[in-house]
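Using the UniProt record's numbering, read the sequence shown as starting at 1 and increasing by one per residue.
Hints were generated in silico from the structure; no laboratory data involved. Treat each hint with caution, since some may be false.
[As the list claims (entries may be wrong)] Derived lysine-lysine pairs resembling DSBU-like cross-links, with alpha carbons at most 30 angstroms apart:
(1) Lys93 <-> Lys47
(2) Lys47 <-> Lys96
(3) Lys61 <-> Lys47
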Amino acid sequence: MQRTPSQINTALPSSTLSSRSSSNIIPHQVFNDPIHGHIELPPLLVKIIDTPQFQRLRNIKQLGGGYFVFPGASHNRFEHSIGVGYLAGELAKALKVKQPELNISDRDVLCVQIAGLCHDLGHGPFSHLFDGMFNPEADPLTKDWKS
1 MQRTPSQINT ALPSSTLSSR SSSNIIPHQV FNDPIHGHIE LPPLLVKIID TPQFQRLRNI
61 KQLGGGYFVF PGASHNRFEH SIGVGYLAGE LAKALKVKQP ELNISDRDVL CVQIAGLCHD
121 LGHGPFSHLF DGMFNPEADP LTKDWKS
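I would like the entire structure built from these sequences, with the hints used as guidance.
Right, dumping it as structure tokens:
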């Protein structure tokens, strides 16, 4: 029987996964995050996590070459992206409650979560090391930002 990554365990290395229903009817996947504890992600985010494009983030170090100096700093972009997706959703939910005049919908919250989750998908290994070389327009030392 072929199993999807979420059936195998797409969460963080020491995690447990379970499905449970929250206040709405759509079941959310629960991830045991080492920083934020148990976090719930909606099914659409889990489908994104289950893609090969997202799974490749497991093999890219978040701290790049810093891992060679500080071997205990073994954070990867997979873990980082799940945490960012979660925190982005928490921010959007807080804005929705505290600033109702913004008319933030549940769909808007989901879009913000997706953006947070996917923000690192284009990164390769040591990608920020080459930012100045490949993106000179983004270098504040060479660009006149006042004009």
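- Message: Name the hints, by number, that the structure is in violation of.
- Response: Hint check: nothing fails, all pass.
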